[in-house]
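Let the sequences and hints guide you as you build the complete structure.
There are 2 protein chains.
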Amino acid sequence: MNNFTYYNPTKIIFGENTIGQIAKEIPANARILITYGGGSIKQNGVYDQVRAALKNHKVFEFGGIEANPQYTTLMKAVEICRDENIDFLLAVGGGSVLDGTKFIAAAAPFKGEPWDILAKYAKVETAIPLASVLTLPATGSEANAFAVISRKEIGKKLAFGAPPLTFPKFSVLDPTVTKTLSKRQRGNGVVDAFVHVTEQYLTYPQHAAIQDRYAEAILKTLIEEGPEYVENPDNSESAKNVVWSATMALNGIISAGVATDWATHSIGHELTVLHNIDHARTLAIVWPGMMRVMGEEKKQKLLQYAERVWDIREGSETEKIGLAISRTEEFFNSLGVPTSLKDYELGKETISNVILNLKANNYVELGEKKLVTPEKVLEILEGRL
Amino acid sequence: MNNFTYYNPTKIIFGENTIGQIAKEIPANARILITYGGGSIKQNGVYDQVRAALKNHKVFEFGGIEANPQYTTLMKAVEICRDENIDFLLAVGGGSVLDGTKFIAAAAPFKGEPWDILAKYAKVETAIPLASVLTLPATGSEANAFAVISRKEIGKKLAFGAPPLTFPKFSVLDPTVTKTLSKRQRGNGVVDAFVHVTEQYLTYPQHAAIQDRYAEAILKTLIEEGPEYVENPDNSESAKNVVWSATMALNGIISAGVATDWATHSIGHELTVLHNIDHARTLAIVWPGMMRVMGEEKKQKLLQYAERVWDIREGSETEKIGLAISRTEEFFNSLGVPTSLKDYELGKETISNVILNLKANNYVELGEKKLVTPEKVLEILEGRL
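Residue numbers (my numbering), protein chains in the order written: chain A, 1 to 385; chain B, 1001 to 1385.
It should be emphasised that the hints constitute simulated quantities derived from the structure, not laboratory data. The reader is advised that the hints may include incorrect statements.
[Stated by the list, open to error] SDA-like, lysine to any residue: derived pairs with alpha carbons at most 20 Å apart:
(1) B:1011 x A:310
(2) B:1370 x B:1260
(3) A:11 x B:1163
(4) A:169 x B:1164
(5) A:58 x A:47
(6) B:1220 x A:205
(7) A:369 x A:295
(8) A:179 x B:1002
(9) A:220 x B:1303
(10) B:1220 x A:295
All figures in this text were calculated on a predicted structure; none of them were measured in a lab.
This is the structure in structure tokens:
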């Protein structure tokens, strides 16, 4: 285990009918900008609950943050923050709204070109305090300081984080909100959380017993609760366990002191940029290929995964690993999430474009040991045709 | 799973040779009181590292905080805080020093009788910021807001917590420090962390899958790494995993949204008050009795414990549970920690005194379902003679 610093100051307010608690968490004299997405919060009652809770606060609104939040959209919110002296941001939505709001928080007070925060790792010295009411369990953005922002005009999808400034001050996780999600959104959420965990866990043995077993705990819980959560939105106990799993998947605990992977995400991001495929669905496509092609490098952890997560006890090492990968792929499919490029009618030309984009972003040595070269990406994606 | 709020703002600085990092975590103009125990930090090099790191800070010192930190001792430090306008407390030691320092932090600015914080749950409105350099993994006090304070003159051992005020701002966990602990201290630490977990886990099914599996993760890690850590202080990887396990055991994650027990602790505290037995050792005495006597109420979780933690797959339910309890007792013994009253030459009269003390503190309905009555305590301790 390596040395590490772990600091996560987000207050989690978890449970049914907890949205009303936001009123006492936000300063009474705050000038709040509520940010949201396509307006589903106005159908499912969340918007009304938020407005009712903040009836004595000064509130502005900014809607229309899209999936894979766009720089151009977010800069309009930055304008509002500057014009209206906004001093508190409340993201009401899923990971895209949260990520977008983190960028708004950092960009509004930024002296200089905000794009540099993403493109040039420009240092963020200050940020508007932000918080969230989460409506979609998936990305874990509600309990970390990181965000991924897109700029489709130039084909970029880039990440940034400015801890501790961009940690949400609080995040309200009301699992009842998930009832109104589509089956597709629920399935995507389970896969997203699942792959977040494997990016931190399926590397090589690092003698980090707690981190390993916590990762396995989240994976097993998603396998156990995910299908029921997807099929039966009224099962509130499954919803609670999935919501909490998604948060724990990316709050920093399972990556403390260990080298992590994230190659599947980097490749997936390019599939989203090129073909607008849902983020989680790109991960489901890439994941089985990544595990098969990088199986030798990840051998010991894949064996541990097969044995501890899937309880596979028989067969040779190669058979165990193969079975664990195919059972994972079946698990994604069972949630309604396809796992091959041909499910999106994509062929070989896509692979070349993904590799070109990765090279353009200097992503030519991906993974925990920097062994995922463009040649490996080719092999990974050819297996996904 | 119940609704919950989870907030833990302690920054963890973990790893070898990290003590020097305290300098940049404490305001340059702070008036710091370093608190410590019996002086072992002056033998093992920790004191020198702390003083070197703070060479440009204004530093005062208060040593002599004993195991089961005493109110009378701590009030002397409160005097120093008031006289010297101390505005930062740095606990350098184990759980007793940390707990004592939390009380000093709350008591120094308290308007009124500080004993009321413990005896009457008087509300703590403000506290001196505190942080820690941990020298003994065991209590988990380094990452929570709680403390247990004793006043031997009147036979009391009482708990308080004032989150978020009494969370350490940061805690440095340098596992190399454990090398100089005695075998007894290391064994006690493993048992203490282990029982912290079971107090939160061995209750009844609450459909909290992550909390359950995280608890099992910590228990399995302590079983796996504990013996090596106790026997071989130079195994730095075992030390790291034990240190991190002890912190995770009581940082609030495994108790989020679930009912907890703590009856073993309440009974154990009285054994410490009466006979000055090390805290962890009192837990080791009480635990097997608690599990046997309350086995019916805890049946489903004990079965889960037998199967998932000890991998016991065969036998009747009663046999599995019995085996899990006896293997746990053997595990404590293997760490050099005795598990019966007769190991301390104590007999029946002790049991009556424990029950009298519990009644005096109004602890007459202990446990997750308030079913541990004085009659049950009698039965539990009679089984430990």
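Problem - Given hint residue 1163 (chain B) paired with residue 11 (chain A) - CA-CA distance at most 20 Å - result: With a Cα-Cα distance of about 12 Å, the restraint between residue 11 (chain A) and residue 1163 (chain B) holds, given a limit of 20 Å.
Problem - Pairwise hint evaluation, residue 1303 (chain B) against residue 220 (chain A), where the allowed Cα distance is 20 Å at most - result: 19 Å, holds
Handout entry: Given hint residue 295 (chain A) paired with residue 1220 (chain B) - CA-CA distance at most 20 Å
Key = The given pair, whose Cα atoms are some 27 Å apart, is violated under the 20 Å limit.
Practice task
Take the C-alpha atoms of residue 369 (chain A) and residue 295 (chain A), compute the straight-line distance between them, and say whether it is at most 20 Å.
Solution key: Given pair residue 369 (chain A), residue 295 (chain A) holds - Cα atoms ~13 Å apart, limit 20 Å.
Practice task
Given the hint that residue 169 (chain A) pairs with residue 1164 (chain B), test it: the Cα-Cα distance must not exceed 20 Å.
Solution key: 14 Å, holds
Exercise for the section: Given the hint that residue 1011 (chain B) pairs with residue 310 (chain A), test it: the Cα-Cα distance must not exceed 20 Å. Expected result: 34 Å, violated
Handout entry: residue 1220 (chain B) paired with residue 205 (chain A) [C-alpha distance capped at 20 Å]
Key = 17 Å, holds
Problem - Given pair status - residue 47 (chain A), residue 58 (chain A), alpha carbons within 20 Å - result: Holds, because 15 Å separates the two Cα atoms, which is no more than 20 Å.
Practice task
Mind checking the alpha carbons of residue 179 (chain A) and residue 1002 (chain B) for me, to see if they're no more than 20 Å apart?
Solution key: 18 Å, holds
Handout entry: 20 Å Cα cutoff - pair residue 1370 (chain B), residue 1260 (chain B)
Key = 11 Å, holds
The structure fails hints 1 and 10 (numbered hints given earlier, in ascending order).
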